[in-house]
Every structure is written in structure tokens, then in C-alpha cells.
Amino acid sequence: MNMRQHKLALCADHFTEWVPAQVEKSIRKYRMFTPEDLVLVAVSGGKDSLALWDILLRLGYRADGLYLGLGIDGGFGYSDESQRQCEAFAKSLASGYQGMRESGNQEVEAPVGQGVPIQDPVVPDTQIPDRWLPKLHTLSVPDAYGESIPEVARRVRRGRGKPCSVCGLIKRHEMNRIAHEMGYLVLATGHNLDDEAAVLFGNTLTWQVGYLARQGPVLPESDGFARKVKPLCRLYEREMAAYCLVRGIDYIYEECPYSFGATSIAHKELLAEMERKSPGAKQNFYLSFLRAKQNGFLDDRHQELAPSMHACERCGQPTTAPGLCAFCRLWVSVEKR
Amino acid sequence: MPKIFYRDKEWEVPTNITVRDAIKKGDLNPETVLATLDGKLITEDIHLKADDVVKLVAVISGG
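Chains A and B, in that order, are what the protein sequence lines are.
If you read the first sequence in numbering that gives the first Met the number 0, its first letter stands for residue 0, the second for the next number, and so on.
If you read the second sequence in numbering that gives the first Met the number 0, its first letter stands for residue 0, the second for the next number, and so on.
Hints are computed from structural coordinates only; laboratory data are not their basis.
For clarity, every value in this text was computed on a predicted model and none was experimentally measured.
Note that CB positions come from ideal geometry on N, CA and C, so glycine has one too.
If a hint is listed, it holds; no wrong ones were tucked in.
Listed next, with one range per pair, are the computed distances between beta-carbon atoms:
#, chain 1, residue 1, chain 2, residue 2, range
1, A, Gly295, B, Asp50, 58 to 66 Å
2, A, Val208, B, Lys24, 38 to 46 Å
3, B, Lys48, A, Ala291, 44 to 52 Å
4, A, Glu80, B, Asn15, 33 to 41 Å
5, B, Lys24, A, Ser221, 49 to 57 Å
Listed below are the simulated BS3-like cross-link pairs for lysine-lysine, each with C-alpha atoms no more than 25 Å apart in a straight line:
#, chain 1, residue 1, chain 2, residue 2
6, A, Lys6, B, Lys39
7, B, Lys23, A, Lys276
8, A, Lys276, B, Lys24
9, A, Lys6, B, Lys23
10, A, Lys90, B, Lys39
Sample of chain A residues lacking proximity to chain B, with all beta carbon distances greater than 10 Å (derived):
#, residue
11, Ser25
12, Leu37
13, Glu146
14, Ser147
15, Thr203
16, Tyr210
17, Val217
18, His309
19, Val331
Work the whole structure out from these sequences, hints included.
What follows is the structure, encoded as C-alpha cells:
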């Protein structure tokens, strides 16, 4: 694997050691979590999230998976296939990773609160007693709330045209709720450097100072919110696909049917063109942004002006909106129609 | 001649061409794909043989 931005080319064996070492560096550099913390990895069946779960386990972290079934079909059973990939990967973990800091499996409490059904976790069969036994938790949005993401999006103003906004809102709420209720301090997502650079590019084009100030590898925990971390933030998307190929991690190759024409993909293509002409351009763009932020380029004034949080009257999760949070307002508007 | 497959596209390239140049012949940016031969990842500097069948894997995903 040739990584032109690092002026580094590695064989398969060294590449699959180099990637986890880079992830470990990021975890430590940005103080994401420690080996004692319980980490919930949001898995989608795609390359980044499955690779992340594999890497965290290989590094000896206590990481479980969470899959949210969104009920997206797209003519080829997108959600069903994504879930199948996640479950197959979870089952394969028994023999698929090596390395462990310490022994011990910890039972995770069953969900409390709203009684939303979470399926029994998928747990790999293993004969090895002294290591973390990762679990895959699954929640089906259509089963839990009665409607798939595209169905909800069709019925509310927020979803007009494309369901991505509704999807993002529901995923953020449910991931946070489940992490919180099941006792996970940290929620890890598979965002890679290309994802982060594309978001940064979009927010810079329109100078979304609030978003720029919040963007980073770690969003600290606060009352009712799990800490959110992006351990792959210094790795290229290309490297994550290569890692899966070399490690034999099977992932869903098909894209979400609603992602075609997405602005984020257009931004990624532009950045890839810059990268082709100038290796390291994406990396420099993102990492110099993080350094500029650290040096005070964006001060905290906007955060001081941010409205205070309070508990949503319906679900209890923190929100800045008076009364109900955006997630509950969404379902109230669905119920009215 | 070596054959290149990418999604629903396929094209032939001259023997002994590098993988990187074979990708460019398909109007693709080499930064956005990975090349595999017999299911294994190959590097862009490899010269293709006459009967090679290369499958390209997209690396850009949305979200």
C-alpha cells in the first residue's frame, strides 16, 4: 500500500500493523478513551465502522458494536444487507482478532427508559476465556417506532426531498440514548480523514463558524450526552478500504441509495482531485485546521452564547429547544399526520 | 489485453501498462479507487500482464 501523503509504502503485513498504530496514536493524542472505558462503536456494515471495531479490539479496547436498522431498501435490501454484514462480522470476531490488554467481560445492563426493543446481542462463540467478548447490539427503527426512515421522511417537512436529515437526527438521538442507557461512556464512529475534510470544506465554503468550532476528533461528554470520538480521523478513506481488503473484512460495497448526488461526495471528489495533484493536500487541510483551532483561531465566544441545555419533556435527553427535543418533535409531527 | 472492471464499466488496456495508468484510462482518479487482482490488493506501480483481470473498488462513500 502506497501512502503518498506519508511518502510511505508498506507490504500487507506491515500495513495491517501500521493502521492500528496510527489509531492508537490518535486515541492518545486527543485523549479519546482509556483501556478501562467501555466503548460503543456505531457500525453500519460499511468499511470504516467495521474496520474501526476490528482495530479497537486488536488494540485491546473493550469495544462493543451498535447497529441501527433504518428500514432502507433502495431496491436491493440495503438495510437488511448492512445488518447481515454486521452480524457476520460480529460472529467472526471470535477468531478474527488478537491482542488483549486484560481479561474480563462485563455484562451490559438492559436498556431502560422508554422500553424501546433492542434485539438480543450477537455474541461470537469463543473458546478463549480471557479476553473481551464483543457484543453487537441491534435496534430496528421500524420495529421500535413503527416506521422506516424513508416513511418518516415522506411525512414530515424536515424530510422533504431526501431523508438524510431525518436519518441523521434519528441516528444521533438513538446512538446517544443507547450508549447512555447501556452504560457506555464513549460512542465511537468510523469517520475518517476524508469525511472530516469534506465536512470542513463544506462548512468553510459557507463559514459556518458554529459548526467549525465544534468539529474535532472528540466531542466531550456532558449531562446526558456520551463522549463522541472519531479514532480514524487521521486515516484516509482509501487506507480504510485497503485495511478491510487485506484483513479480509467483508463489508457492504453498495452505497446508501439516498447518498447519490450528496454534497459530501461532491466535496470528497474535489478534495481527491487536489490530492491527486498534491499528495497530502487533504491531510494538510484537516490537520492544519485542528492546529489552528488549538491555537485559538476559533475562540469559544459562540459557545458562551449557546443556549443552555435542559431535559426534553418527553424522552429526557438534553436539548436546547424549549419543551421537546428535535427527535421528539419529529415523532409528534408524524403522529399528527 | 488486460481488462479493468469498475462497477458496471469495463475497459481494456495495453499489456505492460501500470495499474495507475490503467485506472486513468477509465477516466478515474486513482485516489478514489483501489485495484485488486484475484481478490488481492495490488499497488499502482505494477505492470499488467496480458491475461490480468483487475477489479477496482470504490473508496469514496457518502454520509
